[in-house]
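**Q** One line per chain: the protein sequences are A, B, C and D, in this order.
No gaps in the numbering here: position 20 of the first sequence is 99 in my numbering, and each next residue is one more.
No gaps in the numbering here: position 169 of the second sequence is 248 in my numbering, and each next residue is one more.
No gaps in the numbering here: position 75 of the third sequence is 83 in my numbering, and each next residue is one more.
No gaps in the numbering here: position 122 of the fourth sequence is 130 in my numbering, and each next residue is one more.
Calculated directly from the structure, the hints in this document are not laboratory data.
These numbers come from a predicted model, not from an experiment.
Built from N, CA and C at the ideal position, the CB exists for glycine as well.
There's no promise every hint is true.
As the list claims (entries may be wrong) - Taking CB as the label site, the calculated pair distances span:
| no. | chain 1 | residue 1 | chain 2 | residue 2 | range |
| --- | --- | --- | --- | --- | --- |
| 1 | B | T300 | C | E66 | 20 to 30 Å |
| 2 | A | L210 | D | R144 | 48 to 58 Å |
| 3 | A | G152 | D | P168 | 27 to 37 Å |
| 4 | D | G21 | B | D267 | 45 to 55 Å |
| 5 | D | E217 | B | D221 | 50 to 60 Å |
| 6 | D | G21 | C | P71 | 42 to 52 Å |
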Amino acid sequence: MPRVTAATLISLDDAAALVPRGATIMVGGFGLVGKPVALVERLLEHPEATELTVISNNVGEPGKGLGRLLAEGRIAKAIGSYFTSNRDAVLAHAEGRLEVELLPQGTMSEAIRAGGAGIAAFYVATAAGTLLAEGKETREFDGVPHLLQHALRADVALLRARRADELGNLVYEKTARNFNPDMATAADLVIAQVDEVVPVGAIDPEAVVTPHLLVDHLVLTP
Amino acid sequence: MPRVTAATLISLDDAAALVPRGATIMVGGFGLVGKPVALVERLLEHPEATELTVISNNVGEPGKGLGRLLAEGRIAKAIGSYFTSNRDAVLAHAEGRLEVELLPQGTMSEAIRAGGAGIAAFYVATAAGTLLAEGKETREFDGVPHLLQHALRADVALLRARRADELGNLVYEKTARNFNPDMATAADLVIAQVDEVVPVGAIDPEAVVTPHLLVDHLVLTP
Amino acid sequence: MSVQRDIARRVAGHLRDGEVVNLGIGIPTLVADSLGDREGVVLQTENGMLGVGPAPGEGEADPALVNAGKLPITALPGASYFSSSTSFAFIRGGHVTTSILGALQIDGRGRIANWALPGRPILGVGGAMDLLVGARRVIAATTHLTKDGEPKLVAECALPLTAERPADLVVTEAATFTVRDGGLVLTEVAPGFDRAWVAAHTAAPFREEEA
Amino acid sequence: MSVQRDIARRVAGHLRDGEVVNLGIGIPTLVADSLGDREGVVLQTENGMLGVGPAPGEGEADPALVNAGKLPITALPGASYFSSSTSFAFIRGGHVTTSILGALQIDGRGRIANWALPGRPILGVGGAMDLLVGARRVIAATTHLTKDGEPKLVAECALPLTAERPADLVVTEAATFTVRDGGLVLTEVAPGFDRAWVAAHTAAPFREEEA
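The following block holds chain A by itself, in its conformation from the complex (with noise of 0.2 Å):
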């Protein structure tokens, strides 16, 4: 029972051209669990993908997902909580030609969430008295210090779910899930990367986890 409002099964180089010179990208995954690897490395193919800003709480490792992306200099500006493991990001970061914007885990995970849901900023009590609450607004609630943060969207997401029905409705794959199901709300253009394609009713309405209206396009990688 296909419908126009499905997401469209396209190929890796048809979404790989949807990442436009200077696009902010949302990339899913915690580490390499549930990133959008062969997503993200067809980039690389494409030379208009550059000049990138990356949310991704990584950038992957050497050599390896977003870690080919930064080594080939298309990464302008990550924004993310981890980049310690990354030691060519930690590299380009000290010869400056890697803008960096570090946020705490979950408050980066809420700001992608608000993202896409139509909060512009939120007031969280994380890193507040922190290195990392320099240059952010700092407000009290029943005493205690809030910093302010500002909603994160992106033009393209990337993103990695175990299963997509034909409309596009996603379902995850464990602690492959992560920030996936996050990001798919908060960009303008969102494709997922699959392991299989099922018919429409074959994934049980309780347990949809993305449903189709948030995913433009798949892309089937058995």
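Fit chains B, C and D to the given chain A structure using the hints.
**A** Below, chains B, C and D alone, put in the same frame as chain A:
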């Protein structure tokens, strides 16, 4: 495989006795769909459950659910989005017996989520420039006026779920889900009225909606 | 009721394949029945569901399956359920393409008043404000006149506005107005009505579509 | 590694049945193995899971199942998965009872510095700040001394603090300090150590537990 962290199965009366005088309670449900009617009506038999502040989308219908508590003068204040459907609520408000705080439904559900998520307050465009903006802080983001909404929390949340496992993991039924998963996060004590309790492992880990760390007690109403 | 059904049918004609549509209470709810087998339009309901199907047959209502008006509905294949906060996150986040809302009054800028009744205490708002702020496109679906025969399209609303943000389209049984450059533009007159009738029964200023 | 395992075992002894516990990277991760069949303690991992089980056997690792240190884990019956924003909503919202964190330094008020390395650019923070703000109880699990033999418990941290909020308990291989009234109280000396050793190797002021 029962655990000490398992939510404990208690009786309707034991549950009702956990709502003290003057408590703020959250009650799930959209109208009567997904409302823990048995739990709510059992409060009538516990005289201490009075002077309540009720956070719920509606205050029931006359003679049903929260409507009965209201008729017996147990509710001092109602925070919700739609009271017009209960003529008793309209009358009680007119006669000064019921204080009312009206919130847009989306702002209300987001404030409940915020209360459970350690978000002190957030900015939404909803209701800016309307009568419901009165007394609220306004701030522009990208030139659009937004209102500051503070989080909502309660002493006790009364929920309705379709099924629990013995640990207290919850799944809901269709549109009876509504406010229940949000309220599960935002109260000091969480009690769920369920149709069924199944062994641990019988609910798909990918399909759990309310993980058991949020749930204190289960009441089985077959 | 045939006027209400007429309006719903006229609104359905403005929906495009691929849209995710939220139906408000009242006349908008009737749009579901006017969609027939338009599979390209997917309905969302703010109490937490995507993929709303037609009303169930007699005696087939599922008590756990209702729309925002608390009326029984069905679920189409590919439907999904989510919490209230998630549902409104989708609405505010711009993931609902089109919101169809009823109206008590509409002003000359296309702004809707549909939540506070005249002379009554303000005790209900529901999801109307959220939808007006969040949906990418808003269609107001309303009778042209009140029950007392007064125009609903007025220069300034006497009733409190639901949002500063105007509707994009206003559909009545008599006419369709597009909101353009901050004002109403008459873009269609329904069969059985003429421009003179519309002009005589519309208290808000409006422009005519230029040929 | 036996010092690290000792510390982990000592920390496990402070966990109470019914607690939902988050384990940080490093020594805290080892606490999982020290729990044995303690079914009353449930482990949450901030990358989106409740119900973490022991490490998988050789060759049995599931690539989709890792902890916050990206190490393979298993799932216990009754486990559940959720998104990152939901996971940290649980953490900030006080639904995680106890956070066990490593430390580079701890000051005289029990405040932890564990995210910024000396002389290195600040490029990683992870979830430590969120956990320190949100968990109801924080246990710092750390060796008593740095690799260079310097005390980790110092009057003032030279390294940037992870939060203003102090730990509730500090557990090393040599001692346990409870944070009380804004200061460290020595509540336990481990077998093989004595008060003199602890005093000589602790640069933060601390009080002795009153008998």
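**Q** Each hint: holds or not?
**A** Structure-based check of all given hints:
1. Take T300 (chain B) and E66 (chain C): their Cβ atoms lie about 29 Å apart, and the range 20 to 30 Å holds.
2. Distance hint check for L210 (chain A) and R144 (chain D): the Cβ-Cβ separation is about 25 Å, which falls outside the suggested range of 48 to 58 Å.
3. Taken as a hint, the range 27 to 37 Å holds for the pair G152 (chain A) and P168 (chain D), whose Cβ atoms sit roughly 30 Å apart.
4. Against the hinted window of 45 to 55 Å, the Cβ-Cβ separation of G21 (chain D) and D267 (chain B) comes to about 28 Å, which falls outside the hint.
5. For E217 (chain D) and D221 (chain B), the Cβ-Cβ distance of about 56 Å falls inside the hinted range of 50 to 60 Å, so the restraint holds.
6. Between G21 (chain D) and P71 (chain C) the CB atoms are about 51 Å apart, so this pair conforms to the stated range of 42 to 52 Å.
Checked against the numbered hints above, the structure breaks hints 2, 4 and satisfies the rest.
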